[in-house]
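Q: Residues per chain, in single letters:
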Amino acid sequence: MSLTRVAQSLPLEFRLNGRHVALEVKPHETLLEVLRERVGLTGTKLSCDMQVCGACTVLLDGLPVSSCTSLAFEARGKEVLTIEGLSDGRKLHPLQEAFIRCGGFQCGFCTAGMIMAAKALLDEQPNPTVEEIKHFMKGNICRCTGYQMIIESIQEASRLLGQPGKEA
Amino acid sequence: MLSPFFLEEPTTVAEASSLLARHGESAKILAGGTELLLVLKERLATFERLVHIKGIPGLAGISLENGKSELRIGALCTHRALEKDPLIRSRFPLIAEAERQIANVRVRASGTLGGNLCFAEPHADPGTFLLALGARLVLQSARGSRTLGVSDFFVDYFETVLEPDEIMTEIRVPPLSESAGWSYHRYALLERPSVAVCVLLEPDPGGRHIRSGAISLGCVAPTPVRATEAEKKLVGMALSEVGRHALEIGREAAKAGEPLDDLYGSADYKRELVAVFVKRGLVQAAARMEGAKR
Ligand SMILES: Cc1cc2nc3c(=O)[nH]c(=O)nc-3n(C[C@@H](O)[C@@H](O)[C@H](O)COP(=O)(O)OP(=O)(O)OC[C@H]3O[C@@H](n4cnc5c(N)ncnc54)[C@H](O)[C@@H]3O)c2cc1C
Ligand code: FES
Ligand code: FES
Chain A
9 MSLTRVAQSL PLEFRLNGRH VALEVKPHET LLEVLRERVG LTGTKLSCDM
59 QVCGACTVLL DGLPVSSCTS LAFEARGKEV LTIEGLSDGR KLHPLQEAFI
109 RCGGFQCGFC TAGMIMAAKA LLDEQPNPTV EEIKHFMKGN ICRCTGYQMI
159 IESIQEASRL LGQPGKEA
Chain B
5 MLSPFFLEEP TTVAEASSLL ARHGESAKIL AGGTELLLVL KERLATFERL
55 VHIKGIPGLA GISLENGKSE LRIGALCTHR ALEKDPLIRS RFPLIAEAER
105 QIANVRVRAS GTLGGNLCFA EPHADPGTFL LALGARLVLQ SARGSRTLGV
155 SDFFVDYFET VLEPDEIMTE IRVPPLSESA GWSYHRYALL ERPSVAVCVL
205 LEPDPGGRHI RSGAISLGCV APTPVRATEA EKKLVGMALS EVGRHALEIG
255 REAAKAGEPL DDLYGSADYK RELVAVFVKR GLVQAAARME GAKR
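Protein sequences, first through last, are from chains A and B.
Heads up: the first sequence begins at 9 in the numbering used here, then just goes up one per residue.
Heads up: the second sequence begins at 5 in the numbering used here, then just goes up one per residue.
I should point out that these hints are in silico values taken from the structure, not numbers from a laboratory.
Cβ coordinates follow ideal geometry from the N, Cα and C atoms, glycine included.
Some hints here could point you the wrong way.
Cross-link-like lysine-lysine pairs, in silico, DSS-like; alpha carbons within 30 Å at most [as the list claims (entries may be wrong)]:
hint, chain 1, residue 1, chain 2, residue 2
1, B, Lys58, A, Lys86
2, A, Lys86, B, Lys72
3, A, Lys99, A, Lys86
4, B, Lys237, A, Lys86
5, A, Lys86, B, Lys259
6, B, Lys58, A, Lys34
7, A, Lys146, B, Lys237
8, A, Lys34, B, Lys45
9, A, Lys146, B, Lys45
10, A, Lys99, A, Lys146
11, B, Lys88, B, Lys58
12, A, Lys146, B, Lys236
13, A, Lys34, B, Lys259
14, A, Lys99, A, Lys142
15, B, Lys259, B, Lys237
16, B, Lys72, B, Lys58
17, A, Lys142, B, Lys88
18, B, Lys88, B, Lys72
19, B, Lys259, B, Lys236
Facing chain B, from chain A, some residues (calculated, C-beta under 8 Å) [claimed, not checked]:
hint, residue
20, Ser17
21, Leu18
22, Pro19
23, Thr65
24, Val73
25, Leu79
With the C-beta cut set under 10 Å, the calculated list includes, among others, these residues of chain A facing chain B [what the hints assert, rightly or not]:
hint, residue
26, Ala30
27, Asp57
28, Ser74
29, Arg109
30, Leu129
31, His143
If we strip away everything but chain A, and leave its shape as in the complex, we get (with noise of 0.2 Å):
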């Protein structure tokens, strides 16, 4: 029996950005792939493909995976959150102010992957020294910024986020 001829399906259930999803997914279906393709959240870049760009990050039960490498059943019963569950629709996270503060990005293909993998380290680490901003952000590439403007961009919305009051 060639299994390749076998349609196997997968109920997933997950949280996506909050809110409970539910679809079917053959095993070798990425979570890349479901996001952008089935769910239509076209925020999370495909680049690599390989684990090394970091460009798909997003966070499942809030630590940064490679979405264009994670399988999407492995979400399972997860939460997954993306850039587009950053925001609340009205008001942009601390992340994104800073990133457009500071000159975060210019092309922009790069910084979904950057302000998700920035929001895991705030969230473990949420006054990251520059060493340790450099440590935990070193998967995630830029071409275009020479990252000292991402680095700036994470410094300051640690501090916005430190401020009270003006979480978002």
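Since chain A is already given, all that's left is putting chain B with the ligands on it; use the hints.
A: Chain B with the ligands only, in chain A's frame:
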């Protein structure tokens, strides 16, 4: 795009092993997928069936056993779990320190220790420090279980003694004494390390001399290797003498590797890195021992 496969989700090791035995070459274990999914994407291999083992309970724990001294790491522990675990950070800081340097945050969040060892990519970290630590690897199948040292597990580039129906279930690390000196140095030009060196020194009872030393080298041979000739030179050496001999021992250690010219650097360059990392590692490990005495 990944080509289609059939997913199996066993809930016991025996069930997973039987599935692997039944389906032979057409089936493969899937853990964190950080290596396997890339292999599939690159069409380097295809499998009709992936046996996902993350649903098997009990394979992701970290605990102290055998009189609370031996560290037991479940094969499904991620690099991140090892980096952050309080027990490992306090009792086996070498592991936490080395794990922190692996890959990037995303690969550390998904990639498992078992997957790393079973894939046997020569440009990797854990095999190197586990070899110096004298770790033992537990392989289980529906037929039974066996426990092997690191050097008996790795065979060649991307090759181990793992039988098709065997699953690595845990990694056991003997106690690391508080008076031991250790270091882990690696250099990564690309994503993975070009060269990795682990040094572990045990003091004699007086604490001023080295009773034994382990130097393991990663990425400079098909498998991680011990620099045994260099290690011999350490026996009985006064800690105060280590700095003076460190480079010479580094040069000796470099002879234990058989590096290749490849994308990660030339063979000569890697040999030089080994010598320098062993030198730095010995000095750092000896300094830690001096620190531990106080
Ligand atoms: C961008 C990038 C950077 C990386 N950098 C580093 C680095 O710096 N250092 C480093 O050491 N590694 C590095 N890696 C390798 C990284 O993939 C591994 O460290 C990872 O831990 C593999 O584990 P996994 O669970 O993802 O394995 P999988 O991909 O799930 O499996 C790998 C192989 O092992 C088999 N397998 C898995 N688990 C078991 C088990 N319990 N029993 C038997 N067989 C099993 C699978 O069948 C498969 O053949 C890097 C990888 C990437 C993609
Ligand atoms: S697209 Fe996923 S890491 Fe580059
Ligand atoms: S802004 Fe263009 S890649 Fe980062």
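Q: Hints broken by the structure, by number, lowest first?
A: 2, 4, 5, 7, 12, 13, 20, 22, 26, 29
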